[in-house]
Amino acid sequence: MSEGDTNALRAEALESLLVERGIVRPEVVDAIIRRFEQDIGPMNGARAVARVWVDPGYRARLLADPWAAIAELGVTVIPDAPLVVVENSPTAHNVVVCTLCSCYPSGLLGLPPSWYKSPPYRSRMVREPRALLAEMGLALPADVEVRVWDSSAEMRYMVLPERPAGTDAMNEEELAALVTRDAMIGVAKAGRPREAGGGG
Amino acid sequence: MGGMHGFGSVPVEPNEPLFHAPWERRVLGMVFQVVGAGWSNVDAFRHAIERLEPATYLGVGYYGRWLRALETILVEAGLLGRGELEARLAGARAGAAPSTTPRYGGFAGVLRPIDSPPRFTVGDHVVARNVHPPGHTRLPRYVRGKRGVVHRVHPACVFPDTHAHGLGEDSQHVYNVRFAALELWGPDAEPGSAVHLDLFEQYLTPGVGEP
Numbered sequence: 001m002s003e004g005d006t007n008a009l010r011a012e013a014l015e016s017l018l019v020e021r022g023i024v025r026p027e028v029v030d031a032i033i034r035r036f037e038q039d040i041g042p043m044n045g046a047r048a049v050a051r052v053w054v055d056p057g058y059r060a061r062l063l064a065d066p067w068a069a070i071a072e073l074g075v076t077v078i079p080d081a082p083l084v085v086v087e088n089s090p091t092a093h094n095v096v097v098c099t100l101c102s103c104y105p106s107g108l109l110g111l112p113p114s115w116y117k118s119p120p121y122r123s124r125m126v127r128e129p130r131a132l133l134a135e136m137g138l139a140l141p142a143d144v145e146v147r148v149w150d151s152s153a154e155m156r157y158m159v160l161p162e163r164p165a166g167t168d169a170m171n172e173e174e175l176a177a178l179v180t181r182d183a184m185i186g187v188a189k190a191g192r193p194r195e196a197g198g199g200g
Numbered sequence: 001m002g003g004m005h006g007f008g009s010v011p012v013e014p015n016e017p018l019f020h021a022p023w024e025r026r027v028l029g030m031v032f033q034v035v036g037a038g039w040s041n042v043d044a045f046r047h048a049i050e051r052l053e054p055a056t057y058l059g060v061g062y063y064g065r066w067l068r069a070l071e072t073i074l075v076e077a078g079l080l081g082r083g084e085l086e087a088r089l090a091g092a093r094a095g096a097a098p099s100t101t102p103r104y105g106g107f108a109g110v111l112r113p114i115d116s117p118p119r120f121t122v123g124d125h126v127v128a129r130n131v132h133p134p135g136h137t138r139l140p141r142y143v144r145g146k147r148g149v150v151h152r153v154h155p156a157c158v159f160p161d162t163h164a165h166g167l168g169e170d171s172q173h174v175y176n177v178r179f180a181a182l183e184l185w186g187p188d189a190e191p192g193s194a195v196h197l198d199l200f201e202q203y204l205t206p207g208v209g210e211p
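So the protein lines, in turn, are chains G and P. Just so it is clear: in the first sequence, position 128 is 128 by the numbering used here, and no numbers are missing. Just so it is clear: in the second sequence, position 119 is 119 by the numbering used here, and no numbers are missing.
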């Protein structure tokens with residue numbers, strides 16, 4: 001039997017046992033899943049980034065008090081932990097990792113991708129960020145400083161990517177479509193997804 | 001696992017779904033419900049994951065770890081008998097529900113204003129303590145004994161090292177500390193990079209000189 005089959009059987013047996021005991025209610029499990037699958041996701045962070053690109057006053061508010069600034073957008077979020085926004089510039093690039101487990105701004109961006117939770121990413125991003133970023137498709141010039149944010153306590157980090165060149169004519173909605181999940185983790189630049197539809 | 005070698009390349013799955021099997025979603029939902037009801041807390045749940053035997057930790061996948069940690073916290077909360085899940089899988093009926101009450105706060109947030117002022121301020125040189133506690137901690141091995149500079153002072157938060165063990169919140173200030181790559185990795189460091197970590201006041205001692 002595969003590991004996945006074993007897990008599936010154990011999870012099913014455990015849920016049925018906990019339901020019988022009144023510890024778990026299946027409809028509450030459903031609601032929790034629905035929240036993560038449908039209500040929150042990278043599009044919320046993307047809207048904040050696009051707003052920054054068209055409104056310098058919003059940039060200041062987002063950096064100073066991220067959850068309050070995000071609340072202005074009227075999007076569904078779960079402000080479950082203090083949020084810190086770190087801003088890229090022509091001379092500094094930021095990237096987020098959790099070496100201890102899988103801390104991620106889920107309340108804003110939804111659940112993290114599997115690679116973010118993987119031992120290779122967790123072990124290597126702090127020791128060789130340039131090499132790993134290049135391997136993942138983002139080669140940074142030597143004169144750009146790399147700042148790695150290891151989410152070791154309860155603060156959650158989101159990267160504010162730079163506005164791509166040649167986007168002056170775009171409106172806010174078009175700009176938001178350029179902001180991928182990976183750009184907000186810091187393993188890609190905005191407008192240059194590592195893969196088609198890489199924002200999902 | 002910060003800094004460890006040997007894990008290879010990062011497995012990127014194009015257009016990855018949020019879950020890879022239905023049971024993963026059920027485990028996520030159960031964990032949030034059980035922790036949220038106060039049968040555990042986030043720190044105790046993380047500690048249950050950390051206590052997995054290392055080969056199991058690496059072998060069962062992300063939600064496989066969650067599932068086993070969930071079993072652990074349920075057993076420790078008195079909600080599930082040891083071996084009971086195996087018996088259930090073998091076809092046994094469940095026994096009577098145990099009588100017990102939640103002892104944790106569930107998702108009670110982490111920010112806790114405290115009266116004492118922060119011991120360190122932005123720009124202070126600090127050293128991460130070289131300690132190796134047997135229980136839960138959020139002080140990664142790769143910064144222990146290393147010198148850094150306080151980059152930002154965060155509000156006080158619940159201290160995971162006690163909170164995970166039901167020993168109280170012991171709330172304290174948290175500092176974002178910047179460590180130069182050279183300080184962490186020596187001559188193997190990549191040039192022009194630094195690592196920032198959020199460290200609890202108790203993890204830090206005053207440092208001197210340039211890190």
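No wet-lab data here; the hints were simulated from the structure. Because the structure is a prediction, the values reported are computed rather than measured. Fair warning: there could be bad hints in the mix.
Reference excerpt, derived from the structure (chain P facing chain G, CB under 7 angstroms, subset only) [claimed, not checked]:
id: 1; residue: Gly-3
id: 2; residue: Val-10
id: 3; residue: Val-12
id: 4; residue: Ala-21
id: 5; residue: Trp-23
id: 6; residue: Met-30
id: 7; residue: Tyr-57
id: 8; residue: Ala-108
id: 9; residue: Ser-116
id: 10; residue: Phe-120
id: 11; residue: Val-122
id: 12; residue: Pro-140
id: 13; residue: Leu-182
id: 14; residue: Trp-185
id: 15; residue: Gly-186
Have a look at the derived ranges for each label pair, beta carbon to beta carbon [to be verified]:
id: 16; chain 1: G; residue 1: Glu-37; chain 2: P; residue 2: Pro-113; range: 42 to 52 angstroms
id: 17; chain 1: G; residue 1: Asp-143; chain 2: P; residue 2: Phe-7; range: 48 to 58 angstroms
id: 18; chain 1: P; residue 1: Thr-100; chain 2: G; residue 2: Leu-9; range: 37 to 47 angstroms
id: 19; chain 1: P; residue 1: Glu-16; chain 2: G; residue 2: Ala-177; range: 26 to 36 angstroms
Idealized CB from N, CA, C, for every residue including glycine.
- Task: Look at the Cβ atoms of P:Thr-100 and G:Leu-9 and judge whether their distance stays inside 37 to 47 angstroms.
- Result: Given a distance of about 26 angstroms, which is not inside 37 to 47 angstroms, the answer is violated.
- Message: Quick check on P:Val-10 please, does its C-beta sit within 7 angstroms of some C-beta on chain G?
- Response: Nearest chain G Cβ about 5 angstroms off; hint holds.
- Lying within 26 to 36 angstroms: is that true of the beta-carbon distance P:Glu-16 to G:Ala-177? Once the Cβ atoms are compared, 19 angstroms apart, the range 26 to 36 angstroms for G:Ala-177 and P:Glu-16 is violated.
- Item | Supplied contact hint for P:Ala-21, tested at 7 angstroms Cβ to chain G | holds, 6 angstroms
- Item | Cut-off 7 angstroms, beta-carbon criterion: hint that P:Trp-23 touches chain G | holds, 4 angstroms
- Item | Restraint outcome when P:Ala-108 is required to lie within 7 angstroms of chain G by C-beta distance | P:Ala-108 check fails; min Cβ-Cβ to chain G is 11 angstroms, beyond 7 angstroms.
- Do the numbers back the hint for P:Met-30, that is, is its least Cβ distance to chain G under 7 angstroms? holds, 5 angstroms
- Hint status (Cβ of P:Ser-116 to nearest Cβ of chain G, threshold 7 angstroms): violated, 18 angstroms
- Using Cβ atoms only, decide whether P:Tyr-57 comes closer than 7 angstroms to chain G, and label the hint accordingly. violated, 9 angstroms
- Item | Status of the hint placing P:Phe-120 at chain G (closest C-beta pair under 7 angstroms) | violated, 15 angstroms
- Message: Restraint: P:Gly-186 near chain G, CB-CB cut 7 angstroms. Satisfied or not?
- Response: Violated, about 11 angstroms.
- Message: The hint names P:Gly-3 as touching chain G; please verify it with the least Cβ-Cβ distance against 7 angstroms.
- Response: holds, 5 angstroms
Hints 7, 8, 9, 10, 11, 13, 15, 16, 17, 18 and 19 from the list above are not met by this structure, while the remaining hints are.
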